[in-house]
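**Q** Below, each chain spelled out in residue letters.
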Amino acid sequence: MIAPAEVVGSVVILGGVATVFGAAISIVNARFRVWEDPRIDGVRDLLPGADCGACGRAGCRAFAEEVIGGLAIPAECTVMGEVEREDVADYLGIEVGDADRRVARLLCAGGRDVAPYKATYHGIESCAAAAAVTGGGKACPWGCLGYADCAVSCDFDAIAMSPFGLPVVDVDLCTACSDCVEACPLDLFVLMPADHHLVVQCKNLLTGDAAEAVCSVVCNACGRCVADGAEGLIEMMDGLAVVNYERIEAENPRAIERCPTGAIVWIENQQFPELLVEAWSEAS
Amino acid sequence: MKLFGVTFRHGVHPPDSKGLTDAVPIRRMPFPDRIALPLRQHAGKPARCLVEKGDRVERGDKIAEADGFVSVPIHASAAGTVAAVEWWPHPDGSMAETVVIDVERYSPQIPRPRIVPRWEGLSPEAVRAAVQEAGVVGLGGAAFPTHVKLSPPEDLPIEWLLVNGAECEPYLTTDHRTMVEYPERVHFGIRIMMQCLGVERAVIGVEKNKPDAIAELERTLPGDLDVSVMPLTVKYPQGAEKMLIEVVTGREVPSGKLPMHVGAVVQNVGSIATIAEVFETGLPLIERVVTVTGPGVGKPSNLIVPVGTQLQDVLDFCGGVTDDAAEIVFGGPMMGTSQPDMRTPLIKGTTGVVVLTEAEVKPKQTYPCIKCGHCLDACPVFLNPSELGILAQAGRYDEMEERHLMDCMLCGCCSYVCPSNIPLSQMFALSKNALRKRQAA
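Going line by line, the protein sequences match chains A and B. So for the first sequence, the numbering used here puts the first residue at 1; every next one is plus one. So for the second sequence, the numbering used here puts the first residue at 1; every next one is plus one.
With a cut-off of at most 20 Å between alpha-carbon atoms, the simulated EDC-like pairs for lysine to aspartate or glutamate come out as follows:
1. B:Lys-364 / A:Glu-125
2. B:Lys-18 / B:Glu-181
3. B:Lys-53 / A:Asp-238
4. A:Lys-118 / B:Asp-324
5. A:Lys-118 / B:Asp-323
6. B:Lys-299 / B:Glu-358
7. B:Lys-437 / A:Asp-187
8. B:Lys-432 / A:Glu-125
9. B:Lys-208 / B:Asp-16
10. B:Lys-362 / A:Glu-125
11. B:Lys-437 / A:Glu-182
12. A:Lys-118 / A:Glu-212
13. A:Lys-118 / B:Glu-358
14. B:Lys-432 / B:Asp-398
15. A:Lys-203 / B:Glu-97
16. B:Lys-45 / B:Asp-92
17. A:Lys-203 / B:Asp-92
18. B:Lys-432 / A:Glu-182
19. B:Lys-53 / A:Asp-209
20. B:Lys-53 / B:Glu-65
21. B:Lys-299 / B:Asp-323
22. A:Lys-203 / B:Glu-86
23. B:Lys-432 / B:Glu-399
24. B:Lys-257 / B:Glu-402
25. A:Lys-118 / B:Asp-92
26. B:Lys-432 / A:Asp-187
Read the hints as simulated data drawn from the structure, not as lab findings. Just so it is clear, the structure is predicted and the values come from calculations on it, not from any experiment.
Pulled out of the complex, with its shape left as it was, chain B reads as follows:
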């Protein structure tokens, strides 16, 4: 045990603002009148649509199939009639092809009877197939298909299963409430994952600001498995995959490599609980826990929301927004994306809805860099944001690449600490896009 607690080097300490919802039990939101399910809700290829206008679907029916290996199917999150397959606002700001379903108002919303796979003795291939078929993706925000993470190449032995319960983004309490309320489900999910990956050891990393979650997980620890809970220092970005690996295993993921190259697989607590649900009920990923919070929302809550519920419906259910609400962000305030349209649906990767007020989003005057070096002390991957920022302004992307721009995960620590209010992380996002575009050309 290190002297000052278990953590990585650098990082920042934003106010965690979790007090609004961290003691609020998860409630189930009633079905809205209309849901919108984009075909692109995961990293990888968008799903291929299987329904057309006028089709009747039951809750849990597959409406789009996986297109290739890095892709997952999409399921109807409520029974109803397909109103249209059309362009609809997507949380990334674009328009995306979306299946719009008019929810049947008086339906009991009972899914068709389905075969629940028996997890014991199930081969890894069968587990992966079941996980893909259930449309499970990483629920921490990036929405990377989970079955791909469960398929490491043969020559890379996996020693660790790391369960990410750090939840370092301010405001969000999605994973926190999941761990407090469904600890058995988390442990059951871990059991299935350990069997599938053939690993002996699993560690659940939880930041210390969630003592009730740590206590619940420890109380329900299974006796026959090597699973432990590791309390982590409260620091952003503790929940970033590579930071968590460094803290728990002491190994650093090399530049350009993946967690599997150091023998680790990281899964978010929410994804683990979803996998457990797949093997408990057979139901695919059609609902998720979402934190609706922020000073601009009437009644901050933790909700189970059908995937595809529109932003307006969620906010209405949570008491609407206050008069001084200025910005709505999907995900946390550090890495989330702001939403310009109230029709935007909450999708599989939406961890939270944060409504910020004018006081918090007031645009700040940008000043020239004073070379104070705060950003260097903040960057968790040890880049030089100050220098990179100057190169970005000059459009010298090749030199940025030499200085490991591609290792930047856009966590926003540099922007957060910059006393001159330079939008460093936005500049890096653009530079990364420009570099990718150039490499593709």
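Isolated chain A, as found in the complex:
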């Protein structure tokens, strides 16, 4: 049995302590308040809140601070749609501005249908694990392993695995946040402006027959694209055709016409359009 006086006593003491500390906190809060632009929180609430880092800032709030400070423009947030960007611009009374839209492109077209395996891998089902165990068994050691580390890392569901084990990036969903670039142990993803059409979808450094033995869509370094493209647009480096994107204004579909394997492609917006989820699910 507890005496009523004890209950009252403890309530009074604890209540008193709470009141004193509460008063102290409110005094300190009023006395040392740091003024903050209320628009920061306003803009942050308009942003997607994904904190993905695609804009190159630490998160949405950091981006909001820079937009208000004039260091960034709303268009740099690639996650937002047009309407949301307009909202942010209207809220601050500034222009949306123009930013190069970038997307992730895969530098490998060697799905299971075209690139053979020479051994079977058993173990942890991830590209990083397979790559660490003597290359995962794919005949082309530079090629995509197809265990979907990139698709798992993507916060926007922009990457789906095709039936041939190749990740397909949906350009409409990709925000160029570079998570897949970091996830791929073979460094097969690059972020590039969406309006660049010429892409060499291969990183295999072998040449000639040795290259074609490991994949049928490999760059075998024949050099035809170098000859057919504009002067200086494509170079042959270490057994691989490399597009010089500084001269990209000279790009032209003519460069890919004589490619014997189809390693260099002309991309109209969507890479691997025939492998998009809708396309192959309809076909099957």
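Mind docking chain B on chain A? Use the hints.
**A** Using the frame of chain A, we list chain B on its own:
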């Protein structure tokens, strides 16, 4: 002498399976038609190529030079013509720049006459230079350049030379046969090393499952040097550098430190014998002893193989593989790497070729961790693999580092004992890679 034999704490007892080859004398494999010598065969910087397509090379000629201090040159292991310098499958699974030599079929394979260095009174610097120039690396598997181990900093006095003849990996009998057949060469190598390091005491650690090796080494002990043979309990990973030091000297190598910090230098028996050969014949490291074994190989053998011999040629010489052969591993089954390509060359660090059958490599179903703690009792460096495994699955690498992930040597004891078949050591290999990548960035 401890009551239960000389050993470290924890570890596991896999079946040693050495009976296939431990009594088979070393034979010399005939020269293959083609050899492939990757420029990267050692820990450290790859060698710089000195030859080009069409060049004629004699056996023992230098074809690539050391690039920096932690690097060694590479020598042609057979006379012939350079067919190409190109991308070639490497035992680590990647493609690596490789010098491919078409071996001259009717060549006597006699190396050019060379100056054999006189070891007596040779300064440590000269010994190191000779060892580096001969391309000698640790033959126990890691292929760390030997001359680097012979160059401890001035402020770290070295008291012990430990010779690693434990060979705790199942199946392998490379070091075992070397000790049985060339005990004098081992002792001669030890003599040169002791002189170079200025140490008074050398101990050869040999697991007790090699009584003939222990007997041979003891029979040939030099009378004028303090060298002894220490029989060790049969347990994996007894041959791990830090375990051996703990057993022989009673000192524990601190976390993140090297053997030289406790006054010890450890060399593999094979490396020691190679150094002896360098000072006997002047020949660089162009061939090594390799055990070709496993239930999936026709005729298990111990072979002297020219460095750069392709896997296919070695297996053909050993009677081919059986129909149920499923996996080929370079090194032992605990820490070796499986090989996806038959063109892969055997390099300086290849201790053995183990061909396993379907019965042994059958993939097992993985179950959740039941917190039984077997892995804690197995881990020779006293980590908590169970906890580390959970952190690895969550990708919490920083916390793994706090729990000393970097001390893990990937010996595989935890995976071996796990009743849920969790691939712990593979997870740790990945986590270590991820941490290293993050630190480099």
